[in-house]
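A.B. asks: Go ahead and model the full structure; you've got the sequences and the hints to work with.
Taken in order, these protein sequences are the chains called U and H. In terms of numbering that gives the first Met the number 0, the first sequence opens at residue 0 and continues consecutively. In terms of numbering that gives the first Met the number 0, the second sequence opens at residue 0 and continues consecutively.
It should be emphasised that the hints constitute simulated quantities derived from the structure, not laboratory data. This one's a predicted model, so the numbers in the text were calculated from it and none came from an experiment. Among the hints, erroneous ones may be present.
Identical copies go unnamed one by one, so any copy, or any two together, can satisfy a pair.
Unchecked claim - Okay, derived cross-link-like pairs now, SDA-like style, lysine to any residue, Cα gap no bigger than 25 Å in a straight line:
| id | residue 1 | residue 2 |
| --- | --- | --- |
| 1 | 284 | 253 |
| 2 | 315 | 191 |
| 3 | 254 | 280 |
| 4 | 100 | 90 |
| 5 | 16 | 190 |
| 6 | 100 | 86 |
| 7 | 100 | 157 |
| 8 | 100 | 87 |
| 9 | 284 | 246 |
So the chains spell out like this:
2 protein chains.
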Amino acid sequence: MNTINERVAAHQKQIEKAIQSLALPGQPSRLYEPIRYFMSLGGKRMRPVMCMLAYEMYREDVEQAIPAALALELFHNFTLLHDDIMDLAPVRRGKATVHVKWNNDIAILSGDALYVLAYQQLQAVRPEVLPQVMRVFNRVALEVCEGQQYDMDFQSRDAVSLEEYLQMIRLKTSVLLGGSLEIGVLLAGGSAREAHLAYTFGEKVGLAFQIHDDLLDAYGNPESFGKKPGGDILVNKHTFLRMAAEALATGDQVKALKQAYALQEEEGKVESVKAIFDSLGVPQKAELKKQELLEVAFDALNQMTEAKQSIREELKALAFYLIEREA
Amino acid sequence: MNTINERVAAHQKQIEKAIQSLALPGQPSRLYEPIRYFMSLGGKRMRPVMCMLAYEMYREDVEQAIPAALALELFHNFTLLHDDIMDLAPVRRGKATVHVKWNNDIAILSGDALYVLAYQQLQAVRPEVLPQVMRVFNRVALEVCEGQQYDMDFQSRDAVSLEEYLQMIRLKTSVLLGGSLEIGVLLAGGSAREAHLAYTFGEKVGLAFQIHDDLLDAYGNPESFGKKPGGDILVNKHTFLRMAAEALATGDQVKALKQAYALQEEEGKVESVKAIFDSLGVPQKAELKKQELLEVAFDALNQMTEAKQSIREELKALAFYLIEREA
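C.D. replies: Structure representation (C-alpha cells):
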C-alpha cells in the first residue's frame, strides 16, 4: 500500500467517525432514523476526502476541514436520498432505499432535514472564510439540482446531443467534486486563483470518472467488475457511449442503433449494441475524451504553484486510482 | 389607515419587489418555472415583514435586512411546497399546487432548489453577523422539519395530548416567526438578550395566531370569514379545539365526542361537535390560552429596553391585527 492510500484511508476513517459522532436528536424518530440509516450505508466518501486533501495542500491541521468536508458528504447524501425517490430506485448500496424502507413522505422530509444538517456543519467554518465557502456551496448545490432536472428532462426526450449529455453529467456529478476541492482550498486560506484551479481539477476528474464508469459498465471485466456487463444498455440509459454512438452514426447506422436498443436481453441486445459501438469507434472516443479531461485536470493541478507538491501528487494518484489506471 | 399598516404595507411591497427581482436562470425551465409560479401566489409575507420590523427597532437602513428577510420567505415557501406533496393538497392560495400542476418529482426538486435560493440570499448578510444568523436559520429550519414529522406522526396515532399538539404547532409554524424576529435583531447588531426576547415575542404570537385560526374555522362569522365554518371539524383535523376537547372530556363526553366526529356532514357533524366543544368550555379555554400567550409575548416585547419604542408599538399592533382584535 502506498502513501496515498494510507492518507485517503485515514481521511475516510475520520469522516466515518464524524458521521457516527453526529449528535442527532432522538425524536421525532421517523425523521432522524432514516438519516442515520442512509448515512450508515457507506460509500467511498470521495467528496470529503478530496476536500481534506485540497486543504492539506496549504495547511497541516486538516481536522479544521472536517466540518465542511462532512457538510459536503451530508449534502451529497441528501441529493441521493431525493434522487432515489425520483428515479424509483429500490436499492442503494445493496440496501433498501429510504422511500422503500419507509415511504415517500418520510424520504422527502428526512432528505430536507439532512440538507439542514449539512448547513449546520458549515456553522463551524471560520467566519473569515465562511462567506466564500457558502458562495461555492450554494452555487454547486443549485447546479446539482439543475443537473438532476436535465437528467429527468432527457429521459422523456427523443434526441439528446453528446454536448447536452456532458453538460448534464457535469452539473449532476462533477461540480460537487470540483466544489469540494475548491472549498478545501478556501478553508485553508488559499487564493481565489488556486481555489479555481482546484475546482477545475475536480470537475474534470469527475467527468472523466463518469465516462470511465460508463465504459466499465459495457466493457468491464465481469470478474473484477462484479456484475454482468451491459446493465446500462439493457435499461436504455443515457451514457456517454450511447450519446457518442448517436452522434457518430450516419445513414443505416442510425436505424441499426435504434433497432439494437429496441431488442430484448434474450435477443442479444447487449452484444448487438456493443457491436455498433465498436464499429463506430465509440470505446476509443470515450478513452480519448477521458484522456483529454485528465490532461486538463492535471494541467490545472500543475498550475497550483502555492500548493504543496507532495499532496498534489497524491491527488493525481487518487484520480488515477479512481479511474483504475497505473499512475 | 394608521401608521402600522403603512409601514407593513411598504415592507410587503419591498418584499414583493425583491421576489420579482430574483434573478433566476431560464433553464432548466421545469426547475425554475415552478419556483416562479409558487412565489407569485402571494401571501401576507409576515415573516420577512416581522424580520424587517425587528431590524427597525435598532436601525433605520431597513433595506439592509431585505436579503435575509427574503431568505425567510423563500424558506417558508420551500416548506409549503414540500408539505403540499405530503398533505396531498391540491390547492394553495386558490391555485393548483406544484405537484398537481406539474408532478411530484418536479415539486420535490424545485422545492430543493428553492431552499438553495434561500441560502443564497444569506450570502448578502454582513460577515460579522453571518455566523449568528446562520445558526438561528438552521436551528429553526430543522425544527420546522421536526414539526412536520410530528404532524404526520399524529395523523396515524389515536391519542395526542394537548401539550403534544402545542409542541407540534410551535415547531411547525411558530419557531419560524420567532426566528424571523430574532434574525432581524441580529442583523441590526442587537444584543443576544434582545434577539432572544424578540424570538419569544414571535413564537408566542405565532402560537396565539394558530389558536385564533382554529377558533375562526369553527366559530368565525361566515360573512367576514369568507367560507363555511367547520372545515377543520369535517376533515377531523387536529386543532387546538379538538385536542382541548379530548383533554377536558370525561366519562360519557369522551364517547359523545368520538361519535360526533364519526358523523357525516349531512348528519349535522359540525353542529354536534361544536355543541360538545361548547359544553366543555372549549372556546373559552382557547381564548384564555390566546390571552396567556399574548401576555408572554408582550411581556418579552416590554423587556426589550434597547429597542425603539415606536416600532415596538407597531409590532404589538401588528400582533393584534393578525388576531383581529382592537389594540
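A.B. asks: Take the hints in turn and mark each one as holding or not.
C.D. replies: Okay, the hints, checked on the actual structure:
no.: 1; hint: 284 - 253; result: within (18 Å within a copy, 75 Å between copies)
no.: 2; hint: 315 - 191; result: within (21 Å within a copy, 47 Å between copies)
no.: 3; hint: 254 - 280; result: within (17 Å within a copy, 77 Å between copies)
no.: 4; hint: 100 - 90; result: within (10 Å within a copy, 29 Å between copies)
no.: 5; hint: 16 - 190; result: neither (30 Å within a copy, 36 Å between copies)
no.: 6; hint: 100 - 86; result: both (15 Å within a copy, 20 Å between copies)
no.: 7; hint: 100 - 157; result: between (34 Å within a copy, 23 Å between copies)
no.: 8; hint: 100 - 87; result: both (13 Å within a copy, 21 Å between copies)
no.: 9; hint: 284 - 246; result: within (11 Å within a copy, 72 Å between copies)
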